[in-house]
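A.B. asks: In order, the protein sequence lines correspond to chains H and G. Under UniProt numbering, the residue at position 12 of the first sequence is numbered 12, and the numbers go up by one with no gaps. Under UniProt numbering, the residue at position 194 of the second sequence is numbered 194, and the numbers go up by one with no gaps.
Everything labelled a hint here was simulated from the structure, so no lab data went into it. Quick caveat: nothing in here was measured; it's all calculated off a predicted structure. Cβ atoms here follow ideal geometry from the backbone N, Cα and C, with glycine treated the same way. Some hints could be false.
[Claimed, not checked] These stretches of chain G come out as covered by chain H in the derived footprint (C-beta under 8 angstroms, 3 or more residues):
| # | region |
| --- | --- |
| 1 | 113-126 |
| 2 | 135-145 |
| 3 | 180-194 |
There are 2 protein chains.
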Amino acid sequence: MSTNRREGNNRRQELIDATLNCIENEGLQGTTVRKVADYAGVTNGLIRFYFSGKDELMRAAYAALLDQIYSHARIAVDDDTVKPQVRLRNFISATLSYPIVAPRTVLLWANFLPVTYIDTEMSIIRNEAYVETTNILEPLIRDSFLDNGIALDDKKVKNYAIQVNAIIDGLWIEGSLAGNKFQRNELVNLGIEATAAILSLKI
Amino acid sequence: MSTNRREGNNRRQELIDATLNCIENEGLQGTTVRKVADYAGVTNGLIRFYFSGKDELMRAAYAALLDQIYSHARIAVDDDTVKPQVRLRNFISATLSYPIVAPRTVLLWANFLPVTYIDTEMSIIRNEAYVETTNILEPLIRDSFLDNGIALDDKKVKNYAIQVNAIIDGLWIEGSLAGNKFQRNELVNLGIEATAAILSLKI
DNA sequence: CATAATTTTATACACTTGCATAATAATGAT
DNA sequence: ATCATTATTATGCAAGTGTATAAAATTATG
Chain H
1 MSTNRREGNN RRQELIDATL NCIENEGLQG TTVRKVADYA GVTNGLIRFY FSGKDELMRA
61 AYAALLDQIY SHARIAVDDD TVKPQVRLRN FISATLSYPI VAPRTVLLWA NFLPVTYIDT
121 EMSIIRNEAY VETTNILEPL IRDSFLDNGI ALDDKKVKNY AIQVNAIIDG LWIEGSLAGN
181 KFQRNELVNL GIEATAAILS LKI
Chain G
1 MSTNRREGNN RRQELIDATL NCIENEGLQG TTVRKVADYA GVTNGLIRFY FSGKDELMRA
61 AYAALLDQIY SHARIAVDDD TVKPQVRLRN FISATLSYPI VAPRTVLLWA NFLPVTYIDT
121 EMSIIRNEAY VETTNILEPL IRDSFLDNGI ALDDKKVKNY AIQVNAIIDG LWIEGSLAGN
181 KFQRNELVNL GIEATAAILS LKI
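Work out the full structure, taking the sequences as your base and the hints as a guide.
C.D. replies: Dropping the structure here:
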């Protein structure tokens, strides 16, 4: 029988992608090593050549998902040559745009979330990758107020961060799962408006 | 061997509860008919006496979960002898309190969410039970403004509802998964404050 | 081009899964 | 008490599961 080898060795990444595609389409229950192999266009035995077993494959897939999500969110914040208000707006804009806003992303997140409460290794992966969103938001919020000559106490900053984080998460889920409900920049605008209202601050 | 029959016939409900408990603790993957039977303290064969199969059991469990969630949310809104602002506050308060705010509730919700995008029957159950939260929020928001002598156009009402819905969902998830991060009424207060800010309305 | 190393397939195995069915126990009716 | 009905267990089966392993195909190396 003809094999399926491709130039370069990206099999490992292909198998990870196939895993995420399989989970997206078939759910955790429908994700077997054989189906993942089908998605990748190889036979199931190959998985054990690149991974010690299904568990390691799933962990690698979860880590890859988190990396995809957070890399987009981080880029928006990392440019600290601009005012904190702008960075805050960029963060909201990035988090409420494709590819973070997408059915696939939310579905994968929802599939993995319960696993991180059952499998210790998965929870470690999450905790390591998790850029505590509040840890991003708190300095941005504090500095945005400082830029307006207002010094907030820590408790106030924390509470604002929780609220802003909540509105972003809520809009993320709503926008991701609601088919074509939202126009191009509608979701971003709703997020920025709500954040400005919560902070009583022009951003 | 001794059997396990109990007075009254609540086996069906017991099996549904056992299913939710099993999903909560073991995840969808770990939820087999045998494990559910263990959780219920019966043998696996009994499940097929009350349900046509595992699929029907899972659907019944999902319907039960949605019913539990929405019954609490609805009660808070149904008292239309009070001002819309109060009903809105009651709705937020109920949605951001136990038992809706609880790790179990969010974990169960997350487990089922992807299934509703794979299994048509599950999506029907969700759509039937789903009290479109926006359909609750929109009239409450419209009437709250009317009570202040302000008539909002439909688009504005819709956008407000989306934002309020988002902050509630976001706080729900954050509060449910964040261990002991929040004091007794802290989450409710954060939700009401944020909503008031978004609407620029005292509620 | 021959041979070693790497990558991929093919196959088999032990175990789990959902489901079926017969046997058993408990309850209700007369 | 006897018998029919309902509820529960016990057991088995076919299909699917993750994993192991050997064979085959491909690539790299001299």
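A.B. asks: Run every hint past the structure and note whether it holds.
C.D. replies: Quick rundown of the hints versus the structure:
1. Given a C-beta distance limit of less than 8 angstroms, the hint that chain H covers the region 113-126 of chain G holds, as 5 residues qualify and 3 suffice.
2. Only residues whose beta carbon comes within less than 8 angstroms of a beta carbon in chain H count, and the region 135-145 of chain G has 0; fewer than three means the coverage is violated.
3. As drawn, the region 180-194 of chain G meets chain H at 3 residues by the rule of a beta-carbon pair under 8 angstroms; at three or more, the given contact holds.
Consistency with the previously given hints fails for number 2 only.
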